[in-house]
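J.: Taken in order, these protein sequences are the chains called A, B, C and D.
Using UniProt numbering, the first residue of the first sequence is number 1, and each one after it goes up by one.
Using UniProt numbering, the first residue of the second sequence is number 1, and each one after it goes up by one.
Using UniProt numbering, the first residue of the third sequence is number 1, and each one after it goes up by one.
Using UniProt numbering, the first residue of the fourth sequence is number 1, and each one after it goes up by one.
Hints were generated in silico from the structure; no laboratory data involved.
Possibly wrong hints are sitting among the right ones.
No copy is singled out in the list; a pair is fine if it fits within one copy or between any two copies.
What the hints assert, rightly or not - Mimicking SDA-like on lysine to any residue, the simulated pairs with C-alpha atoms at most 20 Å apart in a straight line are: (1) Lys135 to Pro251; (2) Lys271 to Ala252; (3) Lys89 to Ala51; (4) Lys271 to Arg132; (5) Lys95 to Asp170; (6) Lys271 to Ala129; (7) Lys89 to Ala290; (8) Lys135 to Ala265; (9) Lys329 to Arg112; (10) Lys271 to Gly260; (11) Lys135 to Arg261; (12) Lys135 to Pro267; (13) Lys271 to Asp16.
There are 4 protein chains.
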Amino acid sequence: MTVRVGVIGAGMIGQDHIRRLTEVVAGAAVTAVTDIDGPRAAEAASRVGAAVLPSGRDLIGSPEVDAVLVASWGPSHAEHVLNAIAAGKPVFCEKPLATTAADCLRIVDAERAHGRRLVQVGFMRRFDAGYRRMKDVLASGALGAPLMVHCAHRNATVPESYTSVMAAQDTAVHEIDVLRWLLDDEIVSAQVITPRRTSRRFEHLRDPQIMLFETANGVRVDLEIFVNCQYGYDIQCEVVGEAGLVRLPDPAAAGVRTAGRHGTAVPQDWKERFGDAFDAEFRAWTASVASGAEPCGPSAWDGYAAAVITDAAVRSLESGGEVVAVGLKPRPACYGGAAA
Amino acid sequence: MTVRVGVIGAGMIGQDHIRRLTEVVAGAAVTAVTDIDGPRAAEAASRVGAAVLPSGRDLIGSPEVDAVLVASWGPSHAEHVLNAIAAGKPVFCEKPLATTAADCLRIVDAERAHGRRLVQVGFMRRFDAGYRRMKDVLASGALGAPLMVHCAHRNATVPESYTSVMAAQDTAVHEIDVLRWLLDDEIVSAQVITPRRTSRRFEHLRDPQIMLFETANGVRVDLEIFVNCQYGYDIQCEVVGEAGLVRLPDPAAAGVRTAGRHGTAVPQDWKERFGDAFDAEFRAWTASVASGAEPCGPSAWDGYAAAVITDAAVRSLESGGEVVAVGLKPRPACYGGAAA
Amino acid sequence: MTVRVGVIGAGMIGQDHIRRLTEVVAGAAVTAVTDIDGPRAAEAASRVGAAVLPSGRDLIGSPEVDAVLVASWGPSHAEHVLNAIAAGKPVFCEKPLATTAADCLRIVDAERAHGRRLVQVGFMRRFDAGYRRMKDVLASGALGAPLMVHCAHRNATVPESYTSVMAAQDTAVHEIDVLRWLLDDEIVSAQVITPRRTSRRFEHLRDPQIMLFETANGVRVDLEIFVNCQYGYDIQCEVVGEAGLVRLPDPAAAGVRTAGRHGTAVPQDWKERFGDAFDAEFRAWTASVASGAEPCGPSAWDGYAAAVITDAAVRSLESGGEVVAVGLKPRPACYGGAAA
Amino acid sequence: MTVRVGVIGAGMIGQDHIRRLTEVVAGAAVTAVTDIDGPRAAEAASRVGAAVLPSGRDLIGSPEVDAVLVASWGPSHAEHVLNAIAAGKPVFCEKPLATTAADCLRIVDAERAHGRRLVQVGFMRRFDAGYRRMKDVLASGALGAPLMVHCAHRNATVPESYTSVMAAQDTAVHEIDVLRWLLDDEIVSAQVITPRRTSRRFEHLRDPQIMLFETANGVRVDLEIFVNCQYGYDIQCEVVGEAGLVRLPDPAAAGVRTAGRHGTAVPQDWKERFGDAFDAEFRAWTASVASGAEPCGPSAWDGYAAAVITDAAVRSLESGGEVVAVGLKPRPACYGGAAA
Ligand SMILES: [Mg+2]
Ligand SMILES: [Mg+2]
Ligand SMILES: [Mg+2]
Ligand SMILES: [Mg+2]
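When you get a sec, could you build the whole thing from the sequences and use the hints?
T.: This is the structure:
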């Protein structure tokens, strides 16, 4: 039984996910595509023999579509996700779930009203083998309670269009999600401090930034965001517990000794680094849709929490480094919380 | 267009490949299963909605089968592969291609007569990301010509049924194949020397063994085979060239510091270690079948060469450590050789 | 020409330094020892054939003493160092230089009045091969300007007498000194934030702590202090520059694979971790005394700066985490500064 | 009590040892120097205030010399060592102990006749912290009985005067000694096989070579000797036992990430790699002389065994790769053996 996926948005990410669902993930097929750029939709659809539909609404309503993938422009996410919920269809939404916390909350409310989870948000790190192994180690109890997390998120470079607030919104948001999951804990405050600025990139950009988070359990997180580090795409994460620590592995890389150096290649981008995680993410999503189960990946609530926490980080940056409290609503029971 | 695979042999490996083709590899489906143990075939088939057929011959002839996977008992491989060639159907044969070099050669001859490659042999290491990265480094020329290779192949334990000659036939055969490919060179002699025997396992078994190979280009290979090393499944490979070396990476593993140690887990078996390589192997095979291209993986010739080289290693072991020349036929042009 | 050293303080550290000067460092001999505990002084002296003198003042004045090593109780340091300066004798003072910034400043002023440097303070990390290699890499310019430093200082355990302010005064003080030297920069503010407390140790102790420093050049430092981390003595330091990063190496340790794990031992205490640095520190000091040169190690000014910065960290801790400015006097010219 | 050392031979190695004994090793002083090149002796002596003596015989007989260090031309070693034994003075002899096994045996016999050990041979690796840690691990029993050893000894380059037999005599001899000690076992056969020759160096030289040794306990050793590996000085050693393995650590080196690579520097020569081992070697020797104890380092017997084993390797190389038995005399009781 093949899951028939309709894809909204045929840009770079959308095309990559179409390829993945078609060529990599067993049991999934892309049957419909839509995009505000009609020819782009047509081209992407023709490569996989999918129908081109005029709008997200049409695609969501199509009887040839079992489940929806939203990979369009961020500001359009909320509407498509709400439509999918209204249609009762499973929907995978690339991050962000919505561009405002208020819109995220509308989705949460709609999903609650629907009565069961339909939404998975595209935070792929939860599916990375390294993070999963870290979670296993933490769950084993061998390290005792977690106390601190040290992280770094480095990109070789970003384009000129990248702005200082995107450090939180586009970059740190991955750590925000994966740490909430890894620690099974909630972030309660955020602070952003700004080191000396790199001279190797744009005047307008505060880069690097250091973000500090505190969780409900008192865990302290420091996260370096450095999006023009020049040397590669480098993701570091170390959780320190009462009796030891666990560290995210670097990707396996062939060691080379030549010309006085022993070395390994550093990945150059997130596609290389997290390609397997993307595959696993869609495999898991496809399996949940096929079985009729709720999705096991990040929920609408996780998308909402990420929005509120990144908002706090942005406010801290704009305030010159104040500690900003994270004001999350009570977590509803259907998302594992205590609220009704 | 889904590739419809018929599977001959529903034992442990066959079942694993059925799962892989069904759940992991996009574009493939298992449509028929046969096994000398009828109920076992029925059970495996029912899990994936495949037909149960009475014999390999029936399965190969079925119009519902586009391509054949042979995962049955080794001695039956040659017959099934020859039947598939006779039927003009692509066939993936788990190693060994055949249990004698003579039978391998019959397959090679049949395939040549057919006029194009239909056979892929199940040496999965060529699809492992680490070996592929090594090959890239060698191909870059940064290391100059390869001169030596140091390898180890260690299993935690083997069952009592494992015999001393299996060190070459079942274990070293993986290095024999992957090194021929990695070096793009041919093995011309083999020698087996026997260290002190481990006391942790069976009296009847010569374990460990050290195998020495020489290639046509004069590269010297030493390969430790130690199938009861106790601590895990550990594959090491280092190629030393004129200007440097490259080393197979250990799998990425979370670093843990606790109780006075910094450490990482060692994989416990080959399924864990080479799971991704098996997936990539079948993805590539499926893609070649779907596109109508010749398979890109190990050929019948590679299966034949592996048989002759393992025979030489076995003879060396049985002779008490003589250097045994590898007597390969000239390589036919259709396998990249100079012979007609 | 042997440097004759008089040692003030024959406790654990003093005895270790006596051993080092006698057995390890060429060109040095301990000729006199004093301690408030007379029998302890006598025992330490007798082991190396040194004289026992009744007081620090007598020892400093002895014609058998070329240079003085102060390893007594912290509150007595200032007096001994000032006496040595008054006598015009080189003096090595274990950290702290003095227990108050005011006393440190009195030493700085006395040394300036004397006209040349006589004092070296016992911050041994500047002599550690790993930190020195980091400094070489930074000096090469390959990384561009430093922007951030991530550090951790972990002890397996501390005794019950250890108090929360000692995290700054006794522990972080080593990073404070070595980072000022590594970056060739000055720390201008300090902040201490407190993660969830470990349950594995004392109720009275804030452990771990995270210290944040900013330098004059805008470099941001985060430093984890965790003195009951259980697993070992672990020192981490990573400097991130505009074009790359450099990381302090872990000590070389034999890799062991056994029982499913690949691992290395973590040092258990600072004597094991920094033994070679202590040797190098005293070798350099002895050489400078023998040659009549000013000492190349940490100066009285460095001792003063460390005192002011640790005071700021203590105030931040006690304030609940305020950012506290570091109020250093202008640096005198004789310490490489611009002040008269 | 300072040990007064007389140094025979003031070439490069001799000068380095004079520096070491003077500046690094506590409790030692060089009081006399001789060299066949008089001005060279005078210059070396003058730097440390030592006397220049006309001959080794004069130096050994001098009342100002407590112990002798032989660092002259290899063919002169035996005579000086025999003279020192005749004089009853401790003597440290750089490798080789003598240039023929017969001369080594004369030294062994003379020392036996003297009644106690006076000779230490300059195999410094036994004092390397990494090898010592390996020995500790083996001694702990955690790995069970050793079964195999995999080694590599690589130099960046050698000068044109280096000949093929020096691979055994000058290079492999270090592994031969350290493995005998590490395993507490005796080498009983040697074999040399020759891979494809590197094109990056001299026509006359067989480089690399692979040496295979077998021990009395059946341990099998493979040792890559590659003295023009181009990239650096690289020493690898891995002992595989019944229950696990232990690996010689690479030297601690700062990790650098820049320009797409994570890397560490590889040492460029043996002085850099084993500097600490040389220091420890002379510290131990000086301490043994000072205390009147027999030396703890490699004995005359070890020097003799190394000579016989390297002879066997040379014969194997010259025979085209035959297995050559090592014909050691029975080990005398005073060297831990069973012979009278
Ligand atoms: Mg994503
Ligand atoms: Mg296979
Ligand atoms: Mg100190
Ligand atoms: Mg030596």
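J.: First find the shortest C-alpha distance between Lys89 and Ala51 inside one copy, then the shortest across copies, and answer within, between, both or neither for a cut-off of 20 Å.
T.: Answer is within; shortest intra-copy Cα gap is 18 Å, inter-copy 33 Å.
J.: One pair to classify: Lys271 and Asp16, alpha carbons no more than 20 Å apart. Within, between, both, or neither?
T.: Within. Shortest intra-copy distance 10 Å satisfies the 20 Å Cα cut-off; inter-copy 29 Å does not.
J.: Regarding Lys271 and Ala252, is the shortest C-alpha distance of 20 Å or less found within a copy, between copies, in both, or in neither?
T.: both (15 Å within a copy, 17 Å between copies)
J.: First find the shortest C-alpha distance between Lys95 and Asp170 inside one copy, then the shortest across copies, and answer within, between, both or neither for a cut-off of 20 Å.
T.: within (9 Å within a copy, 46 Å between copies)
J.: Are the CA atoms of Lys271 and Arg132 at most 20 Å apart within a copy, between copies, both, or neither?
T.: Both: 18 Å inside a copy, 18 Å across copies.
J.: I want to check one pair: Lys329 and Arg112. Are their C-alpha atoms no more than 20 Å apart within a copy, between two copies, both, or neither?
T.: within (14 Å within a copy, 62 Å between copies)
J.: Are the CA atoms of Lys135 and Pro251 at most 20 Å apart within a copy, between copies, both, or neither?
T.: both (17 Å within a copy, 18 Å between copies)
J.: Check Lys135 against Pro267 for me: Cα-Cα at most 20 Å, and say if that holds within a copy, between copies, both or neither.
T.: This pair counts as between: shortest inter-copy Cα distance 18 Å, intra-copy 23 Å.
J.: State whether the alpha carbon distance between Lys271 and Gly260 is at most 20 Å within one copy, between copies, both, or neither.
T.: between (31 Å within a copy, 15 Å between copies)
J.: Quick one: Lys89 to Ala290, C-alpha cut-off 20 Å, is that within a copy, between copies, both, or neither?
T.: Close inside one copy (12 Å), not across copies (32 Å); limit 20 Å.
J.: At most 20 Å between CA atoms: does that hold for Lys135 and Arg261 within a copy, between copies, both, or neither?
T.: Cα proximity of Lys135 and Arg261: across copies only (18 Å, versus 34 Å in one copy).
J.: How would you classify Lys271 and Ala129 at a CA-CA limit of 20 Å: within, between, both, or neither?
T.: Classified as both: same-chain Cα gap 15 Å, cross-chain 15 Å, threshold 20 Å.
The structure meets every hint from the earlier list without exception.
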